[in-house]
Amino acid sequence: MAGDQKAFGLLVSRHQASVRALARRLSRSVSDGDDIAQAAFLTAWRRRTTWRGGSFRGWVCAIAYREFLGVRKGAKIEVELDDDTSASDPGATNETSDRMDLARAMAMLDENERAAIALCMGAGLSHTEAALAMQAPLGSVKSWVLRGRAKLQKALAAYQSA
Amino acid sequence: MSDHPERSDEGDDALASLFAAEEAAIKDDGFTKRVVEQAHDGISWRRAAVYGAGMAGFGVAVASIVDMAPLLPDMSGWWNNLSGELRLADQGSFDPMMITIAAVIAGASLCAAVLVQER
Chain A
9 MAGDQKAFGL LVSRHQASVR ALARRLSRSV SDGDDIAQAA FLTAWRRRTT WRGGSFRGWV
69 CAIAYREFLG VRKGAKIEVE LDDDTSASDP GATNETSDRM DLARAMAMLD ENERAAIALC
129 MGAGLSHTEA ALAMQAPLGS VKSWVLRGRA KLQKALAAYQ SA
Chain B
14 MSDHPERSDE GDDALASLFA AEEAAIKDDG FTKRVVEQAH DGISWRRAAV YGAGMAGFGV
74 AVASIVDMAP LLPDMSGWWN NLSGELRLAD QGSFDPMMIT IAAVIAGASL CAAVLVQER
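Residue numbers (the working numbering), protein chains in the order written: chain A, 9 to 170; chain B, 14 to 132.
Any given hint could be a false lead.
Said to hold, decoys possible - Simulated coverage check for chain A against chain B, where a stretch passes if three residues somewhere in it have a Cβ under 8 Å from a Cβ of chain B:
#1 16-24
#2 58-66
#3 157-163
Read the hints as simulated data drawn from the structure, not as lab findings. All residues carry an ideal CB built from backbone N, CA and C; glycine is no exception.
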């Protein structure tokens with residue numbers, strides 16, 4: 009059991025950024041996203057005996073998506089774009105600006121497109137894994153990714169030219 | 014169309030870079046520690062609940078056997094001796110209603126604990 013906990017800690021440490029990024033993109037909120045990610049890891053820990061192997065990150069991301077749906081169903085999430093502009097060097101400021109642009113562009117997508125993009129392009133799940141996580145047809149997920157990606161590229165290009 | 018998201022042009026690479034940069038900017042900041050601590054706390058109380066309810070149920074079951082001693086049939090051999098021993102052990106100190114209520118509570122507690130454990 010102690011070995012399980014140690015291994016679990018290593019897995020959380022390794023994948024926390026991916027899962028938190030996914031949850032933040034889905035919820036469009038840093039604090040709610042972190043809460044969702046935390047709940048997802050705890051659910052994964054409780055259900056560790058049901059893990060069939062394969063990608064741990066994919067498995068936890070699928071759990072995080074379902075946690076997000078549960079939170080969204082239960083209470084309205086306060087949308088807050090990450091406005092952490094405390095970085096002092098110009099390079100960091102540019103990075104922050106890029107992240108703000110990405111967050112704004114993601115906010116323009118509809119729910120399914122945002123989820124499909126966050127799962128496939130953000131968390132690196134395959135279309136099949138995303139379809140399983142979203143409990144949606146594979147063809148729909150592929151369409152959402154294609155449409156979402158086109159919208160993102162268009163929006164980001166517009167931000168950069170402005 | 015492949016199963017993996019296609020990243021064939023510069024736009025896709027730029028998007029991938031943005032997602033990667035966003036992820037890289039997320040620092041642990043004690044997140045892992047909090048998750049592991051909560052997982053550990055969850056184990057402690059669930060284990061206490063499950064084993065506590067199990068022990069309570071076992072105790073009630075043993076007490077019930079003692080209480081049922083007068084109802085055991087007379088049989089030959091070792092079973093007869095056991096029945097006699099149980100009769101001797103019965104001091105009439107258990108109220109059957111109390112035992113029934115305790116058994117129901119213990120059983121319900123155990124079921125609830127197992128459900129929570131498996132949730």
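Hint check results:
1. Interface restraint, the segment 16-24 of chain A with chain B: holds (5 residues with C-beta to C-beta distance below 8 Å; minimum three).
2. Counting residues of the segment 58-66 of chain A whose CB falls under 8 Å from any CB of chain B gives 0; the rule of at least 3 is not met.
3. Here the segment 157-163 of chain A counts 3 residues with a CB under 8 Å from a CB of chain B, which clears the bar of 3, and the coverage holds.
Violated hints amount to a single one, hint 2; each of the other numbered hints is respected by the structure.
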